[in-house]
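Student: Produce the entire structure from the sequences given, and follow the hints as far as they go.
Which chain is which? The protein sequence lines are A and B, in order.
Take 48 as the starting number for the first sequence in our numbering and just add one per residue.
Take 5 as the starting number for the second sequence in our numbering and just add one per residue.
Think of the hints as simulated: they come from the structure by calculation, not from any bench.
By construction, the Cβ of each residue, glycine as well, lies at the ideal position given by its N, Cα and C atoms.
No false leads were slipped in.
Straight-line distance between alpha carbons at most 25 Å, and here's what the computed DSS-like set of lysine-lysine pairs gives:
hint: 1; chain 1: B; residue 1: K388; chain 2: A; residue 2: K49
hint: 2; chain 1: B; residue 1: K181; chain 2: B; residue 2: K19
hint: 3; chain 1: B; residue 1: K416; chain 2: A; residue 2: K49
hint: 4; chain 1: B; residue 1: K317; chain 2: A; residue 2: K262
hint: 5; chain 1: A; residue 1: K262; chain 2: B; residue 2: K289
hint: 6; chain 1: B; residue 1: K416; chain 2: A; residue 2: K310
hint: 7; chain 1: B; residue 1: K317; chain 2: A; residue 2: K310
hint: 8; chain 1: B; residue 1: K370; chain 2: B; residue 2: K181
hint: 9; chain 1: B; residue 1: K399; chain 2: A; residue 2: K143
hint: 10; chain 1: A; residue 1: K262; chain 2: B; residue 2: K305
hint: 11; chain 1: B; residue 1: K317; chain 2: A; residue 2: K378
hint: 12; chain 1: A; residue 1: K106; chain 2: A; residue 2: K122
hint: 13; chain 1: A; residue 1: K262; chain 2: B; residue 2: K307
hint: 14; chain 1: B; residue 1: K230; chain 2: B; residue 2: K332
hint: 15; chain 1: A; residue 1: K143; chain 2: B; residue 2: K416
hint: 16; chain 1: B; residue 1: K399; chain 2: A; residue 2: K49
Interface residues of chain B toward chain A, partial, derived using beta-carbon atoms under 8 Å:
hint: 17; residue: I242
hint: 18; residue: N477
hint: 19; residue: V485
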Amino acid sequence: MKRLEYDVVILGGGAAGMGAIRGALSQNASVLLVEREASTGGVLNQCIHNGFGVRVFKKELTGPEYHEMYLEKLKGFDAMYEATVLDIDSESRLLKVISASGIYKIRYGALVLATGARERPFEALRVPGSRPSGIFTAGLAQHFVNLENRLPGRKAIVIGSGDIGLIMARRLTLEGVEVEGVYEIMPYQGGLTRNVVQCLKDFNIPLHLSTSVVKVHGKERLEGVTVAKFIDGNPVSGTERFIGCDTLIASVGLIPENDLVDKEIEISSSGGAVVDDLMRTSVDNIFAAGNNVCIHDLVDFVTVEGEGAGQNAARVAKKEKMPKRVGIFKKGKGIRVISIHYTTATIPFKMYVRVDHPMDMAILRINDTNLKTVLNAKPSEMIEFTLDPTKYNLKGEIELSAVEAKR
Amino acid sequence: MGCVFLPFGEVNDLKIAIIGAGIIGSLIAREFTKYKVEVEIFEKLPDVGWGVTKANSGILHAGYDDEPNTLRAKYCSRGNEMYTELSEELNFKIKRTGSLVAAFNDKEVKILEELLKRGKINGVKDLRILSRLSALEIEPNLSREIVAALYSPNAGVLAPWEVAQAAVENALNNGAKIHLSTKVESIFEEGEKYRLRTSKGIFLFDVVVNAAGLWADELAESAGVKVTPLHPRRGQYILLDQPNVVRTVLFPTPSRAGKGILVLPTIHNTTLLGPTSEDLLPIEKEVTETTAEGLSKVVKKAKKLVPLINLSKTLRTFAGLRPENDIKDFVIKRESNMIHIVATRSPGLTAAPAIAGDIVGEIVEKLNLQKKDDFHPIRKAIPKIVDMSDEEKEKLISQNPSYGKVICRCNKVTEGEIVEAIRHGARTLDGVKFRTTAMFGRCQGSFCMVKIMNIMRREIGENFEEIVKNFPNSHIVDGVVR
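Tutor: If you want it as structure tokens, here you go:
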């Protein structure tokens, strides 16, 4: 067994992990990245569409471009690729890692979790019927098309209107696959409006709201699905319709990946790591950033979050005394997701929230104070704002809410 | 193949055909390879253990449920005991979790008392009725509404397909042959021999064992043997990624409809709910679809037993078919050197080693077969990195670094294991899945499928387009991006 020791160890080399590397290096910490794949970049590598980098690089880039440009900023860290963490012992600050060169025990001063998210597979929805091939998560289909140069099929439907599903509807159309439609069980879209316009409307792909699959057909390869209207999550009988297709792309939710640590740190009801404004989890020397904290819309935000987590992790590793948590955020009426759960009320910080249903006009409130007015607020579009402890009282219990108002 | 005339005086080994590589056929084939005979296995599907064997609850039943004087009662508890040694020889995992039958009222307690009596007649050891509190001590997540429970420490769980894989591998190692994707259409008596008409030609054998599962009745009939007709009984299941929610196999009190819907820990540390018990028509032997009604029934009944069940942890649903007949018992029919094993419904899995032992024993005696002195009883399993100590892991990785490359992140299956599964016969994604548990986890293969296909491409030399999930038309990708 080989033993290693670093100030900061970062789990995952996607956007958040790369940000954390940069943050930790800026504090002159020794940094080790542990990455499952053969390189950094994470899901950026297969996102060959544009829309990345508007905040960080002030220009529109593709995923691989964003990855390469950011990677150029990173000098002087160690990395283990194709390496998987088997176990975290937070008491002794030890990781157990397996790779082709053996088993490693790695001691960390501080740890940054940047493990991202995984897609909810179609199978988890318990849709009745058969179990043929031809059913993909949007990310898997994207992997086949963009990295392996392979088509998943010839006629597809997309279930769920999450961003990767919308992007894959366009991608498959461009590659000559007939995309029959996108079906969303909720009465509103799951992805960004930008993607609904650029990926569906521009290509005449219909989006069917309040509609989803009730049966899968085909013994060996998918032969079709039955879809129906849904009200409050239940199919409406008599509205069933058969669609012949050989491919089903599921974009039905992302789940923060915290399986390694869900017994070590506090996890929120939406599955994300609970963090404070320093990106610190419930364990003082474990930090988290990116989609394993909460599902983000923009990679740029993830990078910034990672940079903060990396910097603070390095400070903890170097035994700097860190401020204590003094405030706790509660989700009030109208709010489904919050990115930060606690605050030290020391510095201004970014908070991201999602509303729990579409609102024509939403007034975001912090306790009884109005914070921001948002037109066309949707659960699919994260609302970003800065909380400055000199402007708001951030001590004790703080309620964030969204109130619907008439324009 | 075909009829071979031998010079007078020369002794040739008898040729034995086993039809069906489910758990029963596999164990019979392996048992025969202990003797000086030629064994050939015929399997309609592309892999072993993919029929009835694949989609059942995977339980080693204790044997209290079966009416005395049935074949079920005769074989169940004996089969259960035989699994301990068998699992050591063939290196598949079993877990003696014990089982509880929960009673929710006094009427059900009466039924538990009957089961206890029946169990004693059937020779089931260590069976006892527990008070509510003792039952909850063994199974803290069991419903608080129960009043008593029948406890058997000998019940257990296993992955039935692993038994079929292991038995076939060991049989092949000891000289047997297997014909996969080869459907036996009919059996004809031809003098002293039997002629099998198959999808891949005609074969002649001296002894035929029909263990064709759902099709055993039709095959027997083709040979002119009358057996009880079969109909499929469908069982729908929900598999949850919620480990350790139960420790034992939990049954409701049985009714006339069967053993009811259970909650059990699987050998792979997931939780299984089911099955339903739906009698389908005899022509519906391939109707393995799940239904909205079936799945909601599973949810309702399972939650009654274990209220803590968390459906948001669903991995997938599936359904299997059990071969059922009207007399609700196994039928073993002998006709000269032909044996038909029909209606091996529950507890067929538990009974399988005992049935295999008896049937082979019978033929051995009848035809005076001689033991081989070079039979190797041990089958080496595919190494399982996640179950090893750090020292064992290090040793294996130093010999073969691919055992350090994790491919399936959910279940921590390495490249070395996938390569080994291919060497053990996996030719499809399901073949890999059911040998390694890769793609069995919470991502259902969305992260590792491409990597596994690339390993298969390298090891088997297949193109991406040729790789299938399971059956010939279940390809994954369709052509190259233009």
